[in-house]
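J.: Chains as they are written, first to last, in this note's numbering: chain A, 1 to 239; chain B, 1001 to 1117; chain C, 2001 to 2491; chain D, 3001 to 3496.
Careful, some of the hints might be misleading.
In silico PhoX-like cross-links for lysine-lysine, where the CA-CA straight-line distance does not exceed 20 angstroms [unchecked claim]:
1) Lys3361/D to Lys1103/B
2) Lys1028/B to Lys3361/D
3) Lys1034/B to Lys3361/D
4) Lys3167/D to Lys1033/B
5) Lys1034/B to Lys1103/B
6) Lys3167/D to Lys1034/B
7) Lys1033/B to Lys1103/B
8) Lys2358/C to Lys2437/C
9) Lys3361/D to Lys3167/D
Okay, the calculated beta carbon distance ranges per label pair [said to hold, decoys possible]:
10) Ser107/A to Glu3109/D: 36 to 46 angstroms
11) Lys1028/B to Thr205/A: 33 to 43 angstroms
12) Lys2160/C to Asp1111/B: 50 to 60 angstroms
13) Gly2357/C to Asp3444/D: 46 to 56 angstroms
14) Arg3057/D to Thr214/A: 33 to 43 angstroms
15) Gly2188/C to Leu3042/D: 43 to 53 angstroms
16) Pro1069/B to Gly3411/D: 28 to 38 angstroms
17) Gly2357/C to Ala3446/D: 30 to 40 angstroms
18) Leu5/A to Phe3300/D: 25 to 35 angstroms
If you are wondering where the hints come from, they were derived from the structure by calculation, not from laboratory data.
Please read all numbers here as calculations on a predicted model, not as lab measurements.
We put the beta carbon where it would ideally sit given N, CA and C, even for glycine.
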Amino acid sequence: MRRALVIFVLVAVAIPLMLAMAELPRHGSPDAPPQTHVAPYYLEHGPEEAGAENVVTAVILNYRGFDTQGEVTVIFTAMAAVVAVLVAGGAGVPADRAAAPATTPVSLIVRFIVRVLAPFIVLFSVYVILNGHVTPGGGFQGGTILGALLIALTLIMSESDARALLPQRPQRLLQAAAPLTFFAVGMIGLLLTGDYLAYPHSGPTIWIATLMLTVVEIGIGIGGAMVVATIFRTMGADR
Amino acid sequence: MIAALWHNLDYAASVILFCIGLYAVITKENLIKKFMGLNIMETAVFAFIVAIGVVEGGEAPIMGAGVEPPFINPLPQALILTGIVVALSTTALALSLIIRIWKQCGTIEADELREVE
Amino acid sequence: MEVVDARAALAPAISLVCAALVFASADNTFWRRFFSIAAALAKLVIVMSMLPGSLRGVVYTFNLVEFTEGVGLAFRADALGMFFSVVSSTLWLVTTIYAIGYMEREPNRRRFFGFFALCVSTTVGVAFAENLLTMFLFYESLTICTYPLVIHDETPEAMKAGRKYLIYTLTGGAFVLLGSIVTYQLAGTMTLSQPGILPLAAGRTTLTMLFVALIAGFGVKAAIMPLHGWLPSAMVAPTPVSALLHAVAVVKVGAFGILRTIYNIFGVALLRELGVCTWLAGLAAFTILAASVVAIFQDNLKRRLAFSTISQLSYIVLGASLLTPLAATAAIVHIANQAFAKITMFFVAGSIQRTTGKTTVHELAGIGFRMPYTMAAFTVAALSFIGVPLLAGFVTKWYLSLGALEAGEWWYALVMLASALLNAAYWLPVVYTAFFKTEPTAEVEVHEAHWTMLGPTLVCAVFVIFLGATVSVPGMPFALASAAVKFVFGM
Amino acid sequence: MTPWPPLLALLIVVPLTGAVITPVVGRTRAVRSADWSLGVMLATSVIALVLVVQVARVGPFSYVVGGWVAPYGIELRFDEFGAVIAVICLLGTLAMVFSRRYAAQAMAEQRIPYYYALLLLNLTGMIGFAVTGDLFNLFVFMEILSLSGYALVAVSGEKIAEMAAFKYLVMGAISSLVILLAIGILYALTGSLNMADVTGRLAGAPAAPLAVAFGALTLGFMVKAAAFPLHIWLPDAHAIAPSPVSAILSGLVVKVGIIGMLRVYQIAYGSGAVDMRALNHVLMWLGALSIVMGAFFAVFQDDIKMMLAYSTISNIGYIIMGLGLASSYGMIGASVHVFNHAIIKATLFLGAGALIFQTGKRTLTDLAGVGHAMPWTVAAISVGAISIVGIPPTAGFVCKWYIALGAVQAGHPFFAFALVFGALFIFIYYIRMVNAFYFRQPRDPAILEVTEAPASMLVPVLILASLCLIMGVMGSLPLSFIEPAVQRLLLPLGGG
C-alpha cells in the first residue's frame, strides 16, 4: 500500500517533468533563448564593463552583485540560525547516549601534515580569492578553502588552542564581514556614482573600481571562512 | 517524446535524480537520510540549471588571449554558485536541528519520534 | 420628505454609551440602575421626539460611515422602522424596570445590565437600518449581545442552550449575509429605502434562491417552524431575557427582517410575479397551527409561552406574504400587538416564579386569589390572543382575515379562526386553573410581586387594551403602520 | 516629488546590514541588541513610508541595482502590492518592542542577540521578496526569510520545537526547490530572469514546460502559504514559535506565498501565453477547502496558539480563493486581506503571547476567567477575534465582503456560500475563546490574581487592536490604493 503510494507520487512527479523537459529548447543548442538573449551581452561587454576576464565573476560581482549580497546574507543567516539553535539550548541529554567520546584522538601523521600544509593552504586560498576575476575562483571558493583549513586545525588541536586560532574580540564582526563589506562598497558606489553597488568603471577613477572589487572578494573570503568555521565549531562544541 | 528527450538527455537525467531524492525524502525514516534525499534533489535542480547554460563545443567564459567563441553561458553558473551556498546553509541548519532532536529525544528516526510526540 | 438628522443614528448610539457606562459603573448598584434606566429612557425620548415628524411623513436619514463604495453604516427612520422602534423602546423601558426588580439577588448583574442595554441599541439599529448591511450588522450584534444573557446562569444547561441559540442564529445570520452579497451584486445597492430594488431581469431561479436565503436567514430568529428549535431551549434564561427574546427584540427582529425582505428588497410587484410567497404563506399557516397544538401539551408555563410565541410570530409572516395592503397592515401592527400581550404574560410568569416559585400550569391553582392584579393582567393578555374585540389581538386577526379574503385566499381566514380556538384551548385553562380551582387550603392572603415587577406588568396590560381600542384614532401608532403600507404598495 | 530610486535598494540593505551587526552590538549585553534592532526597524519604517507615499503619488517605479540596464542587472520594482512592506515594518517594529520582555523570559541570554538578528533577517527577506523584480533574486530573499524562519521556530525552547522546525524546514526546502526548478524552466524558455522581460518573451513558448513551470510555482507558493493539503507544517511551527515570531510567521511569512502568487499572475496574465483557468479552479477549491478545514480543525483545539495557527490556514484560504476567482473584486479583497489579516493575526498572537507570558498557561481550559484579570489584553484579543470573523466595522469585514462579491461577480456563488459559512465556523471557535476568557469559571482561582501584561507587551497589542478597528472604518482606503494594481493585473483579461 505504502509502496504503491510512493510509486504513484514519483510517477506523478516524473511524467510531467519529463514531458516538460522534452519540449524545452534543445540542450546545448547555440540558438536556445538562454544563449541568445541576456548571456551574449555579458560575454561581449563583461570583460571591459565589469573589469573581470572571468565573466562568471563579472556576473556575480557586477551585474548580479545584489544577488551575491543576498547570498552572503543567506550564509550569515545559516550561521546565526545554527548558533541560535545550538547555543545554550538547555540540557535534556538522554543519559545512555550522552557518553559519546569527547574527542577522537587524531594520529600524529594527520597532525603533522595539517600543520605543515597550513601556510600553503592559506597562500592558496589568498590566491584563489584575489585571482577570481581572471581564473576560476573568487571569494567563495577561497573562503571555503580557508574555512576548511580552520576546520582541519580545529580537529587536530585542543579546544583552547583552537579557540586561540580565531581572534575572540572581533569574532562576531568578522563573521559578518561579507555582508558588511558589501554594504560598505555599495554605499561607496552610491556616493561616487549615484547608484547602490555600482563601480566607477570609466574615467580616471578606474583604480577605485578595482580596489572595491578586491575588497569585496576579500570580505567574502574572510566572512565565508569565518562562517563555515563557526558553524562547524558550534556543532562540535555542543556535544 | 522519447526522441525529444534523447536530445535533452541532461535534463532527463536531472529529473531522474530529482525523483531519487524525492524517494529518499518520502521513504527514509532516518532524518539525516531524509535530508540527504533533499540534498540529492537540490543537486538535481542545480544540475538542470547548469545544463541550460551548456553550448556545444563551448569554452569556459574566461576571456583572455587565445580563447575563441562559443562560450558557455556564464549566468547559470553564477546562479548555481548562489544556489550551492543556499543549499549549504540549509544543510547546516538542518543538521543542527537534527543534533538538537537527538539530544532531546534520543533518536532521529521519524517513526520513533512520532511516538515520542 | 427626507431630512438628514443625527437622531436617526443617535437613537442606537445613545444606549451604546449607556451600556458602556453600565459596564464602567462596576459594582455600584445605584449607578448601574441609573444608567440602565437612562439608556432606555434616553432612547425612548429620542424616538418619541421623531414620532410627530414621522406621522407627518418625514423620514430621517443619517449616513454614519462608508466602508467601501456603496457599503456602509447608514440609518433611515421611515414609517416601518419608526413603528418597530416605538414599540421596542417603549417596551424596553418597562422591561428594564422589571428586570431591576427581578434580578435583585442574581450574580453578575453588571454584565447582565450592560448587555441588556446593548440589546436596546442593536434593536433600534435594526429598525433604523438604511441598508441590508447595516441591518445585518445589528442583527448579528443582537445575537452576540443576547448570548451572555441567555447563558446568564452559567449552568451546563444554560451553556448548552446558549450554544444551540448561537448555532441557530449565527447560521441564520450567515444566510442573511449571503443574501446581502447577492443582492448587492444583482441590484448594485443594498438600500432599504425603496419599495423593491431587485430587477426581474436577474432571473427567476436566482431570485427565488435569494428569497429562500434571506427568508431562511431572518426566519431563524422569527422562529418559522422548522427553524424554531432554539427558542424553547433558550427558556432557561432569566425571565426578563425571555421577555426580551420573545416579545421585543430577537424574534421581532427576525420578523422585521422578513418584512423588509418582502417589502423593500423584493417589492410586492416582483414577488407577485415570482409567486414564492404562496409557499411562505403556507409555511406560516402551518407554523401557526402546529405550534399552537404543541403549546396545548406543555405544562411548563414558560414553554407554553414559547410555543405560543412561535405561533404568533407567523401571523406577521403570513400577513406579509399575502401581499395585500390589509394583510400588510395586520402584519405590521401585530409587531406591537403580540409584543405587549406576550410581554405581559412573561412578566406574569416571572412574577409568579419569583414570588411563589411555581413554574408549571397545574401548580397555579388558586393563584388568582393570591396575586389578583397579576393574574388579571394575564387574563387580558390571554383574551387578546384569543382575539376578543377591543383588545389588541383582535385587530390583527380581523385585518389578516380581511387581507386573506382580499387576496382571494379565504382559507387563511379559516386558519385565523382555528388559531383563535387553539389559543383559547391553551390559555383559558390557565385562567381557569388560576381563578376557579381553589387551593386545598382555603386561607389565602394577597401576596403580590414587588412593585418594580407588578407595575410593568400592569402597564403592559393596559397597553394591550389601549392598542385594541384606539385603532381608528388618528396620530396613534396604527397611523404609522398605515403610512408604511401606503409607501410599500405605492398608494 | 520625483522618487529617488536608490532608496529602494536602501530599503533592503539597511535592515540587512543592521541584522548582521546585531550580534556584534549584543556581544556584551544582550539587551543592547534589542535597542539596536528596534532602531534599525524604525529607520527601515521611515524609508518604507517614504516609498509608499511615493507609489501612491506617482504609481509603480523601479530601480536597477548597480546602474546596469534592466534585463542585465537586478531590477527592484515597487508597485502597490509592494506596499505590504509598510505592514512588514509595522509588525516588525511592534514585534521587536514586544520581544523585549518576552525574549528575556523565553530564552537563554546568549541566544537573544541571534534571535534579534534572525528576526531582522526574516523581515528583510520579506521586504526584499516583496520589492524585487528578478526571479532569482526572489529566490535568494525567499531563502533568507525561510532559513531565518526555521531557526526562529526552533529557538523557543519548547519541547518539540526542533521537530516542528525540522518539519517546517523539509517542507520549506522542497517548496523552494520546486520554485527554483520552475525559475530554471522559465530561464530555459526565455533566457532572462527579469520578471518583466520574462513576461514579454513567453509568447510562443511550448505548452508543456510552461504548464509545469507555472504549476510548480503555484505548488511551491502554496506550500509557503500553507493552503489546505500542504499546510501540515504550519500548526506546530506557528504554535510552538515564540509569540512575537508566531505573529510574524502567521501574519507575514505565509503571505510570501501569496505575494509570490501575485507575481506569478503578473507574469502569466501579462504574457498572455499561459491559460490560468484550470489553475484558478484549483486555487478556488483549495481556498474553499482551506477555509473549511482550517476552521474545522481549529474548533477542536484547546491550545490557544494552535487554534490561531489553524485559523491562519482558513484565512489564507480566503486569500487564495480571492486570487483564484480572478475577478477584480476578488483580487482586491484578497490583496487587502494580505494586509488586514497580518494586522489581525498579529493582534491575536501577540495578545495570546501576553496571556501566556503572564499566566504561564496556554490552553483555553486553563485560561478560563482570565478576562477579569487582564482586561485590556483580553479586550484587544476580542477585537481581533471579531475582526478575523469579519464583522463590520472591523478590518476583516472589508476584504471578506469583497472576496464574496468577487465570487458572485465571477459567477461562482457557491464560493460565496463557502466563504460565509467558513466565517460562521470561525465565529464559533472565537466565541469558544471569548467564552472561556469571560464566562467560564476559572479552573484555577489563582488566575484571577494575575496582573496585566507589562507596557512593552500591552502597547503593541493595543496599537494593533485599534488598527483592526481603524482599518475597518477606513476600509475604502487600502481598497482604492490597491485597485489600480489589480486593474493593471487583470487588464489582459479584459479589465476583469
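J.: Determine which of the earlier numbered hints do not hold for this structure and return their numbers in increasing order.
T.: Structure breaks hints 1, 2, 3, 9, 11, 12, 13 and 16.
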